Structure formats: structure tokens, C-alpha cells
Amino acid sequence: MARSTARKRALNTLYEADEKGQDIESLLQERIKRPGAQTPLPEYAIQIVHGVAKHFDDINRILNERSTSWPVRRMAVIDRNILRIACWEMLYNPEIPSKVAIDEALTLAKTLCDSDTPAFVHGLLSAVERDQPSLEEDADAARKRAEEAARISDLAEAEAAQAEAKQSEAAESETEGSDPGRAEGAQAEASGPAASETAASQAEDAEAPAERPDEAASPGASLDDLSLELPPELG
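My numbering numbers the first residue of the sequence shown as 271 and each following residue consecutively.
Hints are computed from structural coordinates only; laboratory data are not their basis.
A quick note: this is a predicted structure, and the numbers were derived from the prediction, not measured.
Idealized CB from N, CA, C, for every residue including glycine.
Some hints here could point you the wrong way.
Stated by the list, open to error - Only pairs whose alpha carbons sit at most 25 Å apart, straight line, appear in this in silico DSS-like list of lysine-lysine:
hint	residue 1	residue 2
1	K303	K369
2	K324	K290
3	K278	K290
4	K290	K303
5	K324	K303
6	K278	K303
7	K369	K324
8	K369	K380
9	K278	K380
10	K324	K278
Claimed, not checked - Just the calculated beta-carbon pair ranges, DEER-fashion:
hint	residue 1	residue 2	range
11	E365	A431	36 to 44 Å
12	R331	S385	24 to 32 Å
13	P305	S385	28 to 36 Å
14	Q437	K369	58 to 66 Å
15	Q317	L382	19 to 27 Å
16	A435	T338	32 to 40 Å
17	A440	P341	53 to 61 Å
18	P364	E427	51 to 59 Å
19	A272	K369	12 to 20 Å
Construct all of the structure, not just a fragment, from the sequences and the given hints.
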């Protein structure tokens, strides 16, 4: 009984989203946050709506391939959403036997739809049940592909984050290498006490008088002491 009520609440949400042309998930979040006069959505109703939204395109394709009279887009809004719920339960919720999903869909159709709808719903869902093994294999393969795609996407994001981190580290290293503070420090060292002492010493050397050529020899040195070699004609 609880799940039957949840199906009706899920059907209300799907019907409203379909009528308004609104995204299913966004409307679901609105109903969860602001249920209005109604009681909060049952957990199973939320699960159904999430499931139909997630597999929406696949469910429509499966129904279209087995509907001999009406494509999904031309079905009555209430009819196609009853079928979507049943199809999701049959193919994507292993807790619900297919017979139960079909019976619940027929109950909703008899209560809410035109008199010829139950027969149409029964025939279409019976075709889904007949092809269920292959459809479940397709669904499982699609799930694995989605998981693999998600894994590859996660790896790509991780690699991109690592590359960005390395680029950031390299940029920081370059910034530190050309840090103006370091250059100012080096300039300050060049103009520090040691540099001042060197400059003072150079200034003293510049102020000292230069030696004259005749002062290069020691005082009192004679011509003989200098050992000059005279030319023969002067000797």
C-alpha cells in the first residue's frame, strides 16, 4: 500500500513536469523543499522520479520501439508517465517483479485514464517484459559505459588539477627568483660597511702624492751605485 501511494505521488510530479515542460529534477527539488498542502514526498516516490529522470531517454526509446500505434510524444500525458514509471521499475529496479510493476500500472490506468488505456498499457508493457532479458543486458552495458566514462572524466580532472598545481609552483618559483626584495637586499649589502671601508681606502690612495721618478732610488745614491753603463766614447 505504501508503494502504491508513492507511485501516485511520483506520477503527480512527473505529470506536472511534463505539462509545464519543466525539468523533472528541478521540479522534484521544489516539491521536496516545499511540499505545499501535501505531505512530504515518500522516499520511494523520490526514488521513482530520480530513476525516470536519469533514464528518461532510454525509457522513451524502449517504449517507442514497442508501441505500434502511438509514439510516446503523442500519447496522453498521464498515459506516458504511467508507462515510464512501470518501465523504470521493470528494467532498473530489481526489487520490483515485472508482474507487480505491470499490475500497478494497470491499476493507475483504470483509475485515472480513458477506458481503452488499460489494454494499451498492458500490451505495451507485456512487450517490454518479453524483451526484458535483452533490455536488461543493454541497460547493464549502458551503466558500465557510463561508469567508465565517469572514471575517465575523474582521471582527466585529477590530471588537470595536478598540471595546474605544477604550473602554479613553477610560477611561484619564478616570482621568488626575481623578487625585488632580494635585489634590494643585494644592493644594501653592496653599500654596507665593507663597501664603505673599501671606498674610504680608495679615497686615501687617491689623496696620497705620487712619487717623482728621482725619488724612486734610495736617498744618497751615487752614479756608481746606479751602475749606469756609459757608451764607450764617453768612458
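Hints, one by one, checked against the model:
Using a Cα cut-off of 25 Å, the hinted pair K303 and K369 is violated, with the two alpha carbons roughly 34 Å apart. Simply put, K324 and K290 have alpha-carbon atoms about 19 Å apart, close enough for the 25 Å limit, and the pair holds. The suggested pairing of K278 with K290 holds, with an alpha-carbon distance near 18 Å, which does not exceed 25 Å. Between K290 and K303 the CA atoms are separated by roughly 19 Å; this keeps the pair inside 25 Å, and the hint holds.
The straight-line distance between the Cα atoms of K324 and K303 is roughly 20 Å, inside the 25 Å bound, and the hint therefore holds. Only pairs whose Cα atoms come within 25 Å are accepted, and K278 paired with K303 is accepted, the gap being roughly 19 Å. Only pairs whose Cα atoms come within 25 Å are accepted, and K369 paired with K324 is accepted, the gap being roughly 23 Å. With a C-alpha separation of about 16 Å, the suggested pair K369 and K380 falls inside the 25 Å cut-off, and the hint holds.
For a cut-off of 25 Å, the pair hint linking K278 to K380 stands: about 13 Å separates their Cα positions. For the proposed pair K324 and K278, the alpha carbon gap of about 19 Å is at most 25 Å, so the pair holds. Restraint check, E365 to A431: a C-beta distance of roughly 38 Å satisfies the suggested window 36 to 44 Å. Against the hinted window of 24 to 32 Å, the Cβ-Cβ separation of R331 and S385 comes to about 28 Å, which satisfies the hint.
For the pair P305 and S385, the supplied restraint of 28 to 36 Å holds, since their beta-carbon distance comes to about 33 Å. For Q437 and K369, the Cβ-Cβ distance of about 59 Å falls inside the hinted range of 58 to 66 Å, so the restraint holds. Roughly 21 Å separates the CB atoms of Q317 and L382, a value that falls within the hinted 19 to 27 Å. Here the CB-CB span from A435 to T338 is close to 58 Å, at odds with the stated 32 to 40 Å.
At about 57 Å, the beta-carbon gap between A440 and P341 stays in the expected band of 53 to 61 Å. As the Cβ distance of P364 to E427 is approximately 31 Å, the hint placing it in 51 to 59 Å is violated. Distance hint check: the CB atoms of A272 and K369 are about 19 Å apart, consistent with the given range 12 to 20 Å.
Consistency note: the structure conflicts with the earlier hints numbered 1, 16 and 18.
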